[in-house]
Every structure is written in C-alpha cells, then in structure tokens.
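Protein chains in written order, with my numbering: chain E, 385 to 593; chain U, 181 to 752.
Since the hints were derived computationally from the structure, they do not count as laboratory data. In this text, all values refer to a predicted model and were calculated from it rather than measured experimentally. Where a beta carbon is used, it is the ideal one built from N, C-alpha and C, also for glycine. The reader is advised that the hints may include incorrect statements.
Distance windows between CB atoms, simulated [to be verified]:
1. G193(U) with K577(E): 17 to 23 Å
2. E565(E) with D641(U): 44 to 50 Å
3. A194(U) with L501(E): 48 to 54 Å
Short, incomplete list of chain E residues facing chain U, as computed with Cβ under 10 Å [as the list claims (entries may be wrong)]:
4. G408
5. I412
6. A554
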Amino acid sequence: MTDSSVSTPVTLSSERSLALIECGNASIGRRNDEVVIGISPAFGNFFTKTITGVPHVDVLRELLAGIEEQGIQARVVRLSSSSDLAVIAQTAARLSGSGIGVGILSRGTTMIHQKDLARLSNLELFPQSPLIDLEMFRSIGRNAAQYAKGEFPVPVPPGNDYMARPRWQAKAALLHLKEMEFIKPGTQPVELKVEISARQMSARPVVTP
Amino acid sequence: MSMAHVAGEAGQGARTSKRSQILEDRPVNLDGFVEEWPEVGLVAMDSDNDPAPSVRVEDGVIVEMDGRQHADFDFIDQFIADRAINPSVTERAMALSAVEIAHMLIDPKISRDEVIAISQGLTPAKLLEVAKTMNVVEMMMALQKMRARRTPSNQGHTCSARDNPVQVVAEAAEAALRGFSELETTLGIARYAPLVAIAQQVGAQTGRGGVLTQCALEEATELDLGMRGITTYAETISVYGTEAVFVDGDDTPWSKAFLASAYASRGIKMRFTSGTGSEVLMGGAEGKSMLYLEIRCILIAKGAGVQGLQNGSISCIGVPGAVPAGIRAVVAENLIASTVDLECASGNDQSFSHSDMRRTARFLPQFLSGTDLICSGYSATPNYDDMFAGSNLDAEDFDDWNVLQRDMQVDGGLRHVPEAEILAVRGKAARALQGVFSYLDLPPITDHEIEEVIYAHGSKDLPFRDVLEDLKGAQSILDRGITGLDLVKALEATGFRDVAENLLAVLRQRVAGDLLQTSAILDADFNILAAVNDANDYAGPGTGYRPTGARWEEMKRLRHVMSAADPEQEAV
Numbered sequence: 385m386t387d388s389s390v391s392t393p394v395t396l397s398s399e400r401s402l403a404l405i406e407c408g409n410a411s412i413g414r415r416n417d418e419v420v421i422g423i424s425p426a427f428g429n430f431f432t433k434t435i436t437g438v439p440h441v442d443v444l445r446e447l448l449a450g451i452e453e454q455g456i457q458a459r460v461v462r463l464s465s466s467s468d469l470a471v472i473a474q475t476a477a478r479l480s481g482s483g484i485g486v487g488i489l490s491r492g493t494t495m496i497h498q499k500d501l502a503r504l505s506n507l508e509l510f511p512q513s514p515l516i517d518l519e520m521f522r523s524i525g526r527n528a529a530q531y532a533k534g535e536f537p538v539p540v541p542p543g544n545d546y547m548a549r550p551r552w553q554a555k556a557a558l559l560h561l562k563e564m565e566f567i568k569p570g571t572q573p574v575e576l577k578v579e580i581s582a583r584q585m586s587a588r589p590v591v592t593p
Numbered sequence: 181m182s183m184a185h186v187a188g189e190a191g192q193g194a195r196t197s198k199r200s201q202i203l204e205d206r207p208v209n210l211d212g213f214v215e216e217w218p219e220v221g222l223v224a225m226d227s228d229n230d231p232a233p234s235v236r237v238e239d240g241v242i243v244e245m246d247g248r249q250h251a252d253f254d255f256i257d258q259f260i261a262d263r264a265i266n267p268s269v270t271e272r273a274m275a276l277s278a279v280e281i282a283h284m285l286i287d288p289k290i291s292r293d294e295v296i297a298i299s300q301g302l303t304p305a306k307l308l309e310v311a312k313t314m315n316v317v318e319m320m321m322a323l324q325k326m327r328a329r330r331t332p333s334n335q336g337h338t339c340s341a342r343d344n345p346v347q348v349v350a351e352a353a354e355a356a357l358r359g360f361s362e363l364e365t366t367l368g369i370a371r372y373a374p375l376v377a378i379a380q381q382v383g384a385q386t387g388r389g390g391v392l393t394q395c396a397l398e399e400a401t402e403l404d405l406g407m408r409g410i411t412t413y414a415e416t417i418s419v420y421g422t423e424a425v426f427v428d429g430d431d432t433p434w435s436k437a438f439l440a441s442a443y444a445s446r447g448i449k450m451r452f453t454s455g456t457g458s459e460v461l462m463g464g465a466e467g468k469s470m471l472y473l474e475i476r477c478i479l480i481a482k483g484a485g486v487q488g489l490q491n492g493s494i495s496c497i498g499v500p501g502a503v504p505a506g507i508r509a510v511v512a513e514n515l516i517a518s519t520v521d522l523e524c525a526s527g528n529d530q531s532f533s534h535s536d537m538r539r540t541a542r543f544l545p546q547f548l549s550g551t552d553l554i555c556s557g558y559s560a561t562p563n564y565d566d567m568f569a570g571s572n573l574d575a576e577d578f579d580d581w582n583v584l585q586r587d588m589q590v591d592g593g594l595r596h597v598p599e600a601e602i603l604a605v606r607g608k609a610a611r612a613l614q615g616v617f618s619y620l621d622l623p624p625i626t627d628h629e630i631e632e633v634i635y636a637h638g639s640k641d642l643p644f645r646d647v648l649e650d651l652k653g654a655q656s657i658l659d660r661g662i663t664g665l666d667l668v669k670a671l672e673a674t675g676f677r678d679v680a681e682n683l684l685a686v687l688r689q690r691v692a693g694d695l696l697q698t699s700a701i702l703d704a705d706f707n708i709l710a711a712v713n714d715a716n717d718y719a720g721p722g723t724g725y726r727p728t729g730a731r732w733e734e735m736k737r738l739r740h741v742m743s744a745a746d747p748e749q750e751a752v
C-alpha cells in the first residue's frame, strides 16, 4: 500500500487574537454585494482552532480577506441552534443580501450555500476538514464573493486523502459531539462584530512568586 | 534521571529520549485514539447505558423487549420485535444465560443449525451480552462455524480516481482473474456511473465468467442500473441503529425493506450495509454503545428479509478503531451477523491504519476464520484510485496476501497470476470495451489508451479522456434504455463471443433467482455456491472447508518460489 503524504498536524499558535462581540439578532441583509459567514455554536469561543490546529482567528481572517478582495462586504453571524453544517450554511445564505452564505464548523468543515438551493445541496462543500488550510479558506472566501457578484468561479479543489480517516475520524466525532453540547435549540442567529488584533509578542508572562 | 531532565527547562523543549523519538515517528502514532465517552455513545461494546435483556410475548406478539414496553417502542424496536425475532422460540432462547449461548457458539459439537434455532429468538441486548462474554479468539472460533457459506470468498473494489472506464475494465478483468468473486465500484463524478458500471461488468466477465458486479450510488440510480442488468448485485443500502439517524436520511426500516423487495423482484442479489460508529459519528447514538446499535442494524437486515449484510464498521472504522476494544467489537459485529444466519461481507474495506502491523491485525480475525466475503472490499487498484476513500488493503498488497494464504494454508480467495496472463486479460478486456463503446456509439477508446492501460498501475499512468464527451455518453446510456442484453449483443457483434456468453449466463440468473439464496456467488462454471448447497458444515478439527487439492496447489504459487529440482530456477 502506498502511504500518502498525510497532512502534518499543525499546532499553530496565531500571532493574532480574536474577539467576537454579539450585536443582537441577525437580520436579512439589504445590500446585494455581501456574503454572510455563519459560524457554528462553539467556533471561536470554546474552540479556538480547527481539527488540525489552524487558529479560528486566521480562518476568519482569510475568509474575510478572500471576500473583501473581490470588493464584496462580509458579515459574520453565529448559529447556536444547530451544529449541522447544511443548516448553518443555508441560514447564512438566507440572511445574505446576495443570497450567498458560507457555513463553517469549529473543526473546519466548510460549505458555500445559496439561499434558493435545497438544504442538502450546496455550491461547494469541503467535507474533509483536515485538508483545509489557510490558502483554501481564502479561496473559499474569494469564490463565495464571486458567486455573490453573479460570476461562476472554478470550484476550489476539495482535496482527498485516504489516510485522513484513521488519523482524524475519531477526533472529528469527538469535536462534533463536543460542539453539540453548545447547541441552544430555538435561538436566533446573532450578528457578530469581529475584532482581530495583533498579539503583543514581546510581552513576557509575569510570574508572581 | 532527575526531574529537571524529565520536565526540561521552562521555556525550552523538554528533553526526550532517542527511543521515544523513534517510537514517536512510528506510523501507528499517526493513527487517532480517543478516550471513551459512554454518555454520548463513544464506547465500543461495554457501556452501562445499554439496556438489560428481556422479552415478553403475549398472544404470539412480542410486547416487551430489552426493558421497553410495546407502547414505548421506537420504530426500530417495533420492526425488530415484529419482523426479526421469532416469538415462538424467544422466551425459551432468552432463558439461556449469555455464557451458555456463547459456549454453544464455540462448541464444535453443537451444529450451526442448533445455534440458529436459539439465535432467532434473541433480542439485541441479549446478543450484546453474549458477545461481551467472548474474547477475540472465541469469536473467531465461532465465526468459523457460523459463516453461512462453506467456501470463503473475497470482494474487490475496482475504481478509478478519474472515473476512467478504460482503467476500470482492465482492473476488473485482472481482479476477476486474481480470484475475487464480487467486484464493486463507485465514482468521483456520479454521472459517470453508467459508463464505469458497464466497464466493470465487461471486465469482470472477461477476467472470469460469473463474477458479480455492483456500483455504489444514490439508491434510485443504483437500483436502475441493477434492473437494467448493467450490474448484478447491490450492497450500499445503509441502515442505522437509532431512529434519529435513520430519519435524518429520510428513511425507515420499512422503506429499506421496500427497496430490498425491488431488487428481489428482479432476481438481483442484494445485502444491506451497516457498522459500528455511524450513529456516534453523526451525534445520534442516544448514549448507547456502538455494538448495541449495530446489533439493532443486524436485526433490521434480518427483519427486512434480505439475505445478507455488509458490516464491520465499514466507512466509520476510524471511530471504533480509536476506542478501547473497538476492533473486538468489529469482530463481534461480523459474528452476530453470521449467527443470525445472514451472509456477512465482513468489512476490511476502508483505510484503517498507517501501521502495516495494525492493518494486518485488523483483517486476521476474518481472514483466519473465513467469512462469506473477507473484504468488502479489497482495493484491486492502488489506494489512490479507490473512490471509497481507500481500503485496508490494496493492489500493492496482493503478494503479501498470497504469501499469508500460503503460510497459514488459509483461503483468502485470491491467487498469484503470472504477469503474462495479467497483461493478456487486461488487453482483451480493454479491446472488448472498445468494441462495446463503438457498437453503442459511445465516446471512442483509442488503441493508445489500450496499450497504456495494459501496463499501467493506476490512473496516474493513463492518458486523460474527454470527460464532457464521456458524461454525454453516460447520459445517453440512460436515455436510450440500454440494458445488459445490449451489452451481450455488442460483445457478440464485435468478436467477443466468449465474454458475451459469460455475461448472458450471469443475466440468466436473474430469471432463475438462485442469487437470492443466502451467501450466493457463482463459480467459474456458473454453479451457484450458497448456504443451501454449500452450507458451512464445520464441526471441529477435520471438518468444514479446508483448502486442498487443486486450490491448495494454486495457493502454493507465488511470484518467487525456488525450484526444488533446480534451485537456480524458479518453480512454475
């Protein structure tokens, strides 16, 4: 059997910090030049990184940058009512003035959705969370923005690694179960203000005797 | 070693031993392992949350099962109580202790039929309790006796990462020649299915007449290809152990049973699929152990009247594989399917471990005991072409498998085939498909493609096809209503009369209906081997299936064996 080049575990620590400030219930956008990013119940709070250790702050930063570089606005909402990616992505799409939404789970699984598609359909799906790196997140943001402009971008190749299962499947199950603990049934999507700031790298922790 | 060495200096990496570093770098440490979490079902087979066995029958109807009253049954309980458990024997069977039943399973003096007379009355919780009394060696002893078909066999995967039908026809021919009795394919691009399914069928009948083929797809399309006779069996009809997960897939046990009857109506072999870990992976395990939920699936298959089940965790193997005793639970799944008299296609079909040692240990229980289909299936291509996301074994393991068969004198269903025969059959199969495509006005196959596929290892070695033209061709197969008989005509008209005759003989089985018998496969002479005419008669040492005669002589051959007569030569 050929051993594939398995994705190395990246326990990255970001140079940035993330603040997600709740600003009330999310409403449907009025401008058609926006993409809404829907994040899962524990994204960026209980969980701080994806299944392979990519920091959530950098994930959001790349998604936002990918969208903004196309001249499109981005909003971020949190769904606490479900950890089902199709539900999150479709809800984001329905809140989006352009009808295009991106859904993302804490472990990194991502989907681009369009508001008129059936829930279990999608524009693009990235089912193997361990294979999604920052470059892919940026491309996903870029493609979502292009859909919002009415363009037809070439789908981002989702990748395939047949050794992802032995390495990551059980962790994916564990992360899914953990995320489910943060579900608050019946709650409305909440609008988030995203603050990404550079960390003070020079500061040394103060140790009190 | 001082504590300073163990802990390291603050702010610097801790010093580790050279041995730890070597162990750290071993492939097994790339595998994922997690702690048990019984409250959500992340536990293999030993959980306090599983129900205690019980049964009560009133007026010939099961009104209480595993501590639940009839009014509180969920639809799986209801289906199992009404359809899977024999109410006339259940109270007597349930009165036996789990240990007594486990003893019956491993005692060679107690026949398979005697065990089945009891097992048809056991509830899910009781079957779980029986499994919990057994270690892996006992399970293997039981599996050896409880397998339905006397002769073990094997299933292969023949896919292409590019969905290239020219590759699939050659791979199917080689796989059939190597000994697989069933072949399964699936697609990267689902719309390619008709072309690839035709390629697999033509290849299989070129390699060895009588090999059965299937194409794993969305259920309606899979049924359509079966009804047309482009495929000859089906396997990917999934069932689940909790109501929530079942409903999530818009299904019930009754809808699955209806689908099963659709296959039966055309004489097409089919089995269900299930496996430990699926419910917890979807967050719907309701706090029950993986094996308890899988036993419910096994009994759903039994209750639906299908002849068999593919289980052994299957695509969720990373989940039981990550928890303590997970692989023991996977052996138990196969054993229980066999114990309730189902054909068992016993997994070993998905990438499982980075460690060669661990993935070998994974398949030894099924390989050594023998099951109806040891792998379901074995990737007969390199794993990068296996569109089921990789198998536990692939084409690069063929020689290892053949050596293990010879070492242990255990029949794993395969054989060594000399290079010249393989090249010949790959070429013939590709030319047969070239003829079929030409006859049916499908996108042409060039002589260059044929030349390349004869010598290729995988899709990376092959010229690209025009995907858009192929997809148009695939659609036209559906639009024009092309069937297996059209393939027979095309093969006959283009000079492949022997392949045409093989395919026709397989299609004739749809009318005979013999492939609906438990564990049915076809041998090279188109004889059915099934639990009715090749019933497992294992009754201890000196009985049951043992490779002998021509088959054992075949198993002795390997790529390199020194001649005893002339050690400077290789034996042939």
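Next item on the list: Could you work out which earlier hints the structure fails to respect and list their numbers in ascending sequence?
Entry: 1, 4 and 5
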